[in-house]
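Two chains, two separate frames, one set of hints: put the complex together.
The residues making up each chain are set out below.
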Amino acid sequence: MSSTKIFLKSSDDKTFEIDETAARASETLKNIIDGGCLDGVIPLPNVSSNILPKVIEYCKKHGGDNGSSKKIANGGVDKDKEILPDYDEEEDKREKVRVDELKKWEEEYMDFDQQVLYDLMLAANYLHIKGLLDLTVEKAASMIRGRTPDQIRENFNINSDFTPEEEEEMILIEDEWDDEWAFD
Amino acid sequence: MFRHQSLFLHVSSQTDLRGRIWPELYQEPETEPESEAEIDHFDRVPNSLLLIVFNKIGDVKALGRCCLVSRRFHDLVPQVDDVEVRVDCVISDDYASSDASAADKNIGVFSNYKQIISIDSLFLSSTSFLFLLFLTSFSFYFVLCGTFKYNRTTVNLQFATKQSEFKACVANVIARLEDEAGTVLSAMLEATKNAERKIKT
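In the order they appear, the protein sequences are chains A and B. The opening position of the first sequence corresponds to residue 1 in the UniProt record's numbering, with each subsequent residue numbered one higher. The opening position of the second sequence corresponds to residue 1 in the UniProt record's numbering, with each subsequent residue numbered one higher.
With the rest of the complex left out, here is chain B (with noise of 0.2 Å):
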């Protein structure tokens, strides 16, 4: 059903996930609290609420820490419906002199920009309503922005670019897709390519 964890952190394929069993629901409520130190706290929260809790994060680092926490919290993570990616990010104006840095400050963007894609991916399920947006802006912002809605996740984008020699052109394209969400990806992912050539030439 969820196919996406072995994508994520390549750790499932080590071990088998199967054999455990978390504890659902209420346990008995009295646990003595002379032990306190030692009890996993959330140990006695069912899955259901702690999905509330992953849900009301929102962050998608957040999220991705708490995936590396503990076994339980790595398998609820991909199951949480809201997730907000927001990578805002300011490319100097003179990138042309600041090379290595800006050069440095675009792997940083793209390279962020897979991540999303994979976090995405961990949310891939067939087809999927897939909203995207693109609107480039004026001389100085290169902004794309995506709301992806996969089946019951909703990831917002919001990617910005700001540099001045992108004078270009003012264009409105807003795509709506009914397609393989990864097929869309793919061009979001071309379409950043571009904006990073344009960028470099």
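This is chain A alone, in the form it adopts within the complex (with noise of 0.2 Å):
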């Protein structure tokens, strides 16, 4: 079990350190790793060094997932793993608290402020971390969902940018839309 060191380097020319399982959470990161590209230091422009840790963070928990991490925590266990037969209740229930444990984190992790948020999902759009652009871009749809027009501007300080007739006929719409939708 090889689990040699990787460097990141941000766009800010800081450099974080992440294990490379950990880093195998990143598709990008992971065809770097493969393709023998790596001397030393990724460099990653598009991700600055605030959000860097953020997302070293999640491949850390999130690394060892379908591998290895995994293997070396239960790797007392593994032997015994023929022989009990109550082996896969007990599994069942370790996988039980790891995934309570994993949302708890996830909760945790995914506490903070819509500017993150947006970097967050950029980062791991770039990175190709597949779980982490989930929860990201759930957390943003939960934002759109069931508000107003007026409500998801405010949210997301967009500026309307339709002209003021546009604007008249648009809470026409609204409007229509909301007594044709009141139903429910």
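Don't read these hints as lab results, they were simulated from the structure. All C-beta atoms in this analysis are idealised placements derived from N, C-alpha and C, irrespective of residue type, glycine included. Certain hints may be false.
Each pair of labels, with its calculated beta carbon distance range [said to hold, decoys possible]:
| no. | chain 1 | residue 1 | chain 2 | residue 2 | range |
| --- | --- | --- | --- | --- | --- |
| 1 | B | 59 | A | 90 | 36 to 42 Å |
| 2 | B | 59 | A | 105 | 27 to 33 Å |
| 3 | B | 51 | A | 57 | 23 to 29 Å |
| 4 | B | 51 | A | 110 | 18 to 24 Å |
| 5 | A | 159 | B | 81 | 24 to 30 Å |
| 6 | B | 51 | A | 114 | 16 to 22 Å |
| 7 | A | 107 | B | 51 | 24 to 30 Å |
| 8 | A | 32 | B | 59 | 34 to 40 Å |
| 9 | B | 51 | A | 36 | 31 to 37 Å |
| 10 | B | 59 | A | 13 | 39 to 45 Å |
| 11 | A | 5 | B | 51 | 33 to 39 Å |
| 12 | B | 59 | A | 111 | 20 to 26 Å |
Covered stretches of chain A, going by a simulated chain B footprint (3 or more residues, C-beta under 8 Å) [what the hints assert, rightly or not]:
| no. | region |
| --- | --- |
| 13 | 110–124 |
| 14 | 139–147 |
| 15 | 150–157 |
| 16 | 160–172 |
Here's a subset of chain B near chain A, in silico, CB distances under 7 Å, partners left out [unchecked claim]:
| no. | residue |
| --- | --- |
| 17 | 42 |
| 18 | 45 |
| 19 | 49 |
| 20 | 51 |
| 21 | 53 |
| 22 | 62 |
| 23 | 65 |
| 24 | 68 |
| 25 | 69 |
| 26 | 70 |
| 27 | 71 |
| 28 | 76 |
Laid out in structure tokens, this is it:
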């Protein structure tokens, strides 16, 4: 089990360290590693130094998801696997605890302001970290669901760029919609 | 390519949308935080990502509202792949007595239906695969479910009406049509009209 360290350089020239196993959570990094283009530091010009630690934190948590770190953690139990009949049950329980823990962790992890959300979304997209992208996108989507256009605009600091006439029309349409959907 | 914009909100006819080019992909990530209040946060998010967000929303109402937010949203929303339309309506058993309100509700349902169809026609493109399922079962429920699959767009539709005197038929009609979607949609509208008539009589 090789767990070499990989160094990532953020857009503002700060270097961060990450385990290879963790880095593999990112498709982009994985390709770089597998491609053998690894000469010391991987520059990430699209990720700034205040976001990168956040990304690394996620990778550390999820990097070993489908592989090594879990095995390492359960290393001692591995042998008993075939022998003990109640292994599955125990494993299930452990898995459940792990998932619960992960959920709780995710909740805490996702507790940040919008500024960070976009950066994280961009970083996840750039680094192809699917889980993180899903997480951030879901958060953004939940900020849109069930809101009026005004609320959305306010929420995301979007200035309406419609002309006043269009705006008026919009309001009409909106009212119409509200009426139409009112009964549910 | 997307010939649906004007249909939807009747906005594009007035102004020239073509002149507007949205900032694509990565602008400089280092925006100064001090002017944070005025920054349109989504400006930094590329269209491709925003589209992922919209796809995640699913709910057609929320998407409709998004259309009204800004021009960029308005242009992007029609490109969404996954839309879910759910209209669940319960018409009271004693609709005969509660004439006015029931009639109102009926109107609500079917104008909604038209609304849905107008939304659907947003995504209309040439020939499309359409799976239409009529399920009329037992005495209490008239359920109409449809899954429309246009080129890239899946629209799930569910429409349920509860009414006690509709005990007539238990019919399962599964029609698989590869036709102009419009034709089928009109057929569906016709079907709902029939249902409406039945409810009224």
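To see whether the hints hold, each was checked on the structure:
| no. | hint | result |
| --- | --- | --- |
| 1 | B:59 <-> A:90: 36 to 42 Å | 41 Å, holds |
| 2 | B:59 <-> A:105: 27 to 33 Å | 28 Å, holds |
| 3 | B:51 <-> A:57: 23 to 29 Å | 27 Å, holds |
| 4 | B:51 <-> A:110: 18 to 24 Å | 21 Å, holds |
| 5 | A:159 <-> B:81: 24 to 30 Å | 28 Å, holds |
| 6 | B:51 <-> A:114: 16 to 22 Å | 19 Å, holds |
| 7 | A:107 <-> B:51: 24 to 30 Å | 26 Å, holds |
| 8 | A:32 <-> B:59: 34 to 40 Å | 38 Å, holds |
| 9 | B:51 <-> A:36: 31 to 37 Å | 34 Å, holds |
| 10 | B:59 <-> A:13: 39 to 45 Å | 43 Å, holds |
| 11 | A:5 <-> B:51: 33 to 39 Å | 36 Å, holds |
| 12 | B:59 <-> A:111: 20 to 26 Å | 25 Å, holds |
| 13 | 110–124 | holds (count 6) |
| 14 | 139–147 | holds (count 6) |
| 15 | 150–157 | holds (count 4) |
| 16 | 160–172 | holds (count 8) |
| 17 | 42 | 5 Å, holds |
| 18 | 45 | 6 Å, holds |
| 19 | 49 | 6 Å, holds |
| 20 | 51 | 10 Å, violated |
| 21 | 53 | 5 Å, holds |
| 22 | 62 | 5 Å, holds |
| 23 | 65 | 5 Å, holds |
| 24 | 68 | 4 Å, holds |
| 25 | 69 | 5 Å, holds |
| 26 | 70 | 5 Å, holds |
| 27 | 71 | 5 Å, holds |
| 28 | 76 | 12 Å, violated |
In terms of the numbered hints stated before, the structure departs from hints 20, 28, listed from lowest to highest.
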